[in-house]
Structure formats: C-alpha cells, structure tokens
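Engineer: Whenever a hint applies, use it, and build me the whole structure from the sequences.
Here is how the chains run, residue by residue.
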Amino acid sequence: MDLIYFTLGLAGFLLVMGTWIQYLLTIPNGAVPEWPTGGLIAQGAGFILAVLSLVTLSFDRPVLAGISILLALFAISMAIFFYWLLFTQRQTPIGEIRVEVGDKILPFEAFTAEGERFESDELLGQRVLFKFFRGGW
Amino acid sequence: MQAEEFSKFNIKVVALSKDTPEEATIHKNRDHLSIQLLSDAKLKVIRQYGVEHHKAFGFETDSFKIFGVPLSLKPSFKAMAIPTTLLIDEEGIIRWIDQADDYRLRSNNERVMSAVQTVFG
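Quick note, the sequences are listed as chains X and B, same order.
Counted from 1, the first sequence has number 124 at position 124 by this note's numbering; the numbering is strictly sequential.
Counted from 1, the second sequence has number 111 at position 111 by this note's numbering; the numbering is strictly sequential.
I should point out that these hints are in silico values taken from the structure, not numbers from a laboratory.
C-beta: ideal position from N, C-alpha, C; glycine also.
Treat the hints with care, since some could be wrong.
Stated by the list, open to error - Ranges between beta-carbon positions, derived for each pair:
hint, chain 1, residue 1, chain 2, residue 2, range
1, X, LEU25, B, LYS78, 22 to 28 Å
2, X, ASP121, B, LYS8, 21 to 27 Å
3, B, LYS78, X, PRO107, 22 to 28 Å
4, B, ARG30, X, GLU100, 16 to 22 Å
5, B, LYS44, X, LEU54, 20 to 26 Å
6, X, ALA45, B, GLY121, 42 to 48 Å
7, B, ARG111, X, LYS104, 22 to 28 Å
8, B, LYS8, X, LEU54, 54 to 60 Å
9, B, PHE57, X, ASP60, 39 to 45 Å
10, X, ILE4, B, ALA41, 20 to 26 Å
11, B, LYS8, X, PRO28, 20 to 26 Å
12, X, ASN29, B, PHE9, 20 to 26 Å
13, B, ASN10, X, TRP35, 33 to 39 Å
14, B, ILE35, X, PHE59, 53 to 59 Å
To be verified - Output of the computed footprint for chain X on chain B, the stretches with three or more beta carbons under 8 Å from beta carbons of chain X:
hint, stretch
15, 4-17
16, 43-57
17, 90-104
To be verified - 27 Å max Cα-Cα, derived DSSO-like pairs, lysine-lysine:
hint, chain 1, residue 1, chain 2, residue 2
18, B, LYS12, X, LYS104
19, B, LYS12, B, LYS55
20, B, LYS44, B, LYS28
21, B, LYS42, X, LYS104
22, B, LYS78, B, LYS42
23, B, LYS12, B, LYS28
24, B, LYS55, B, LYS44
25, B, LYS42, B, LYS12
26, B, LYS55, B, LYS78
27, B, LYS44, B, LYS78
28, B, LYS44, X, LYS104
29, B, LYS8, X, LYS104
Structural biologist: In structure tokens, the structure reads:
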C-alpha cells in the first residue's frame, strides 16, 4: 500500500513538472503553442494522480508518507498555477492603443541600454521595426 | 528576433520595454542581442502609445542568480508593455501594427516577415 501512494505522488509530480519544463522551453524559441491542449491534459492527469496519492496515504512509514505529501502538494499547486495562468491571465487589453496604420509616430523620449538619451527623431530616415516588449526575464 | 534577418530590407530593429538601462544591458548581454534596446522605466512611452498591460503577471529580472547567470524566479504583478510590433517607414509613418491579445504569444516570425514583404518588399 505504501508503494502505491508514493508511486502516485511521484508520477503526478513528474508529469506536472515535466509538462512545465517542456512548456517553458518553448518560450526562448518563440514556439509557445497557441493553446497547449496536451499540456493541459498532462497537468490535469498529474493533478488527479497527486490527489489519489493523498487519498490512499497511510502513515505506516512516516518518512515515505511525508515525501509523498510534499510531492503531491507541489504537483497540485503547480497544476493549478498552470490552469490559472492559461485561463485567467493571458488576455491583454489591446483596445487602448493610440496609434493606427497610416499615423505618424508619436514623438517620444527614452534611454538606450547604455543609459544615453534617445529621441524618436533618430528613427526618421530609415525603416524601423519597433517593438514594445515585456522586458528581459 | 535578431537584426540580421531585417538588414536585407534595410530595417533597423528597436525594442522598448520598461526595463531600466541596467536591466536592458543585462538582457542584451545574456541573450546576445544585436538589436537596439530602449528603456522606458517610467512607462511614459508605453502609456503614450496606449500599450500598457496594467497588471501583468511576470517575473523579476535579476532576482536570482546561479553561477552569476541572472534567472527570473520571483513572480509579481506589475505594469508592463503589451507585446506590440510596429513597422515604420522612412517618413515615420506607421505601416503595420501587430498586437498580442494573448500575452504568452509574440508576433511570430512568419507574420512579421510577410508584413515586411508587403510593406517594404
């Protein structure tokens, strides 16, 4: 019986973390899936395995039970985090943009990475791909 | 997105975020970027253009280091730019706009390159 709850907890943990790692690896390549169906199924399955591990838990071997609880709780919280991120956080407020195609750029000032002043006039006279991004992280 | 792909169309690539110049330098060196990074730490430009994501979930830059390599593991909510791409011509006229309605997704390379072809090709 010990081995069953431990195996369930470990399997849930590996499934959830494996999916997370695979998902995060798509970010640097710009290959984030539009809708990660497989990831959601795997996270859901990991969540269920972790819950089953907690349901079948026995404390005959306290250390093994403790490890299983940690694995299962970690898997459960990371799976909830994945769902939360995908279902509540991904929409951006895109309706507020103040420029449209055909407009001249709004003059602005910023700083370069070297800390020098930058004025938007420096962009004139050349073709520019201008990107607003979230910052390096 | 690296500058080399755009140089054959004579396009300069400039990317602006709320990172400070110091954070931008760290990012540039870490990811070996050849594009120009601009810093808008007070979100003045981001708000001026109406591309602010008021409460975005992200991770702190440089909050955690392993062997000197900055990793971002500290989650937080903060204001930052919505991923937005503009193509601007020599006269400063905006010729194409692409915004992400899903903040996980970036302007994909194919879409940008086909817009480049249409606008400047």
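Engineer: Is B/LYS8 within 27 Å of X/LYS104, Cα to Cα?
Structural biologist: Given that 27 Å is the threshold and the Cα spacing comes to 24 Å, the pair holds.
Engineer: Are B/LYS42 and B/LYS12 close enough, with their CA atoms no more than 27 Å apart?
Structural biologist: The given pair, whose Cα atoms are some 24 Å apart, holds under the 27 Å limit.
Engineer: X/ALA45 and B/GLY121, beta-carbon distance inside 42 to 48 Å?
Structural biologist: Check passed, 47 Å falls within 42 to 48 Å.
Engineer: Range hint 20 to 26 Å: satisfied by the CB atoms of X/ILE4 and B/ALA41?
Structural biologist: Roughly 54 Å apart at Cβ, these two residues miss the hinted range, so it is violated.
Engineer: With the threshold set at 27 Å, check whether the alpha-carbon distance from B/LYS55 to B/LYS44 stays at or below it.
Structural biologist: holds, 16 Å
Engineer: Does B/LYS28 sit within 27 Å of B/LYS44, going by the straight-line distance between their CA atoms?
Structural biologist: holds, 22 Å
Engineer: Has the given pair, B/LYS12 with X/LYS104, been kept, meaning a C-alpha gap of at most 27 Å?
Structural biologist: holds, 17 Å
Engineer: Taking 27 Å as the top limit, are the C-alpha atoms of B/LYS44 and B/LYS78 close enough?
Structural biologist: OK: B/LYS44 and B/LYS78 at ~15 Å, within 27 Å.
Engineer: Is the hinted range of 53 to 59 Å satisfied by the C-beta distance from B/ILE35 to X/PHE59?
Structural biologist: Once the Cβ atoms are compared, 57 Å apart, the range 53 to 59 Å for X/PHE59 and B/ILE35 holds.
Engineer: Lying within 16 to 22 Å: is that true of the beta-carbon distance B/ARG30 to X/GLU100?
Structural biologist: For B/ARG30 and X/GLU100 the Cβ distance comes to about 35 Å; the hint is violated.
Engineer: Taking only the CA atoms, is the gap from B/LYS55 to B/LYS78 under or equal to 27 Å?
Structural biologist: Given pair B/LYS55, B/LYS78 holds - Cα atoms ~5 Å apart, limit 27 Å.
Engineer: Just to be sure I understand the hint, the distance between the Cβ atoms of B/ARG111 and X/LYS104 should be within 22 to 28 Å; is that true here?
Structural biologist: With Cβ atoms ~24 Å apart, the hint holds.
Consistency note: the structure conflicts with the earlier hints numbered 4, 5, 10, 19.
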